[in-house]
Amino acid sequence: MSTTDSHPGPPGGPRGTIGPSPASRSEATIDAMKPDQIPSADTSPLDERQCLRLLAATRVGRVVYTVGALPAVLPTRYRLDADGSVLLSAAAGSELVRAVSGALVAFEAGEVSESDGSGWSVTVLGRADVTEARTPHEPAGLRRPGQVCIRIHAELVTGRLLPNAGAGRP
-16 MSTTDSHPGP PGGPRGTIGP SPASRSEATI DAMKPDQIPS ADTSPLDERQ CLRLLAATRV
44 GRVVYTVGAL PAVLPTRYRL DADGSVLLSA AAGSELVRAV SGALVAFEAG EVSESDGSGW
104 SVTVLGRADV TEARTPHEPA GLRRPGQVCI RIHAELVTGR LLPNAGAGRP
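Just so it is clear: in the sequence shown, position 127 is 110 by this note's numbering, and no numbers are missing.
The set of hints was computed from the structure by calculation and includes no laboratory data.
Note that this is a predicted model, so its numbers are computed, not measured.
Hints are not guaranteed to be accurate.
Said to hold, decoys possible - Distance windows between CB atoms, simulated:
| no. | residue 1 | residue 2 | range |
| --- | --- | --- | --- |
| 1 | L53 | G85 | 13 to 23 Å |
| 2 | G149 | R117 | 39 to 49 Å |
| 3 | G51 | P122 | 30 to 40 Å |
| 4 | A148 | A86 | 32 to 42 Å |
| 5 | T118 | L87 | 33 to 43 Å |
| 6 | G51 | E97 | 14 to 24 Å |
C-beta: ideal position from N, C-alpha, C; glycine also.
All chains, full assembly: derive it from the sequences and hints.
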């Protein structure tokens, strides 16, 4: 008898998995939805032009990637390139660089007002390239010695506006 026979694992899937098995999930998944079909209470969508304008106006966001098949989120400073790519820097050989090179990643930036809860959130999905050599279009000051440039190509850009938290409520 193997250990998996004597210990069937957690409900919803075999030992070592998180959440329900693929067979028990609903047919409707986020993978099958377009970004404007994902339900989101009290928000309104932004078009790509608005998203890029907002991304260009701020400098801190979060890169989302996987390590050992688990999600990881890292806050980072960034710049938006003229083609809409997100540029950030990291130490050469770091976990981030190893994880994102050639991978599909997400990047999110946003702002929320402390006073009224209004704000915005923009997400960029795309492949990440890592380059050691400086490029002619790389913004000055993007990286320090020993760092590489990570470019996230903007393949899908979506965003949402968050209204004033008190708007439309009694």
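Outcome of the hint check:
Restraint check, L53 to G85: a C-beta distance of roughly 19 Å satisfies the suggested window 13 to 23 Å. Restraint check, G149 to R117: a C-beta distance of roughly 48 Å satisfies the suggested window 39 to 49 Å. Taken as a hint, the range 30 to 40 Å holds for the pair G51 and P122, whose Cβ atoms sit roughly 32 Å apart. A beta carbon spacing of about 36 Å between A148 and A86 agrees with the range 32 to 42 Å that was offered as a hint.
Between T118 and L87 the Cβ separation comes to about 22 Å, which falls outside the hinted range of 33 to 43 Å. With their beta carbons about 36 Å apart, G51 and E97 fall outside the hinted range of 14 to 24 Å.
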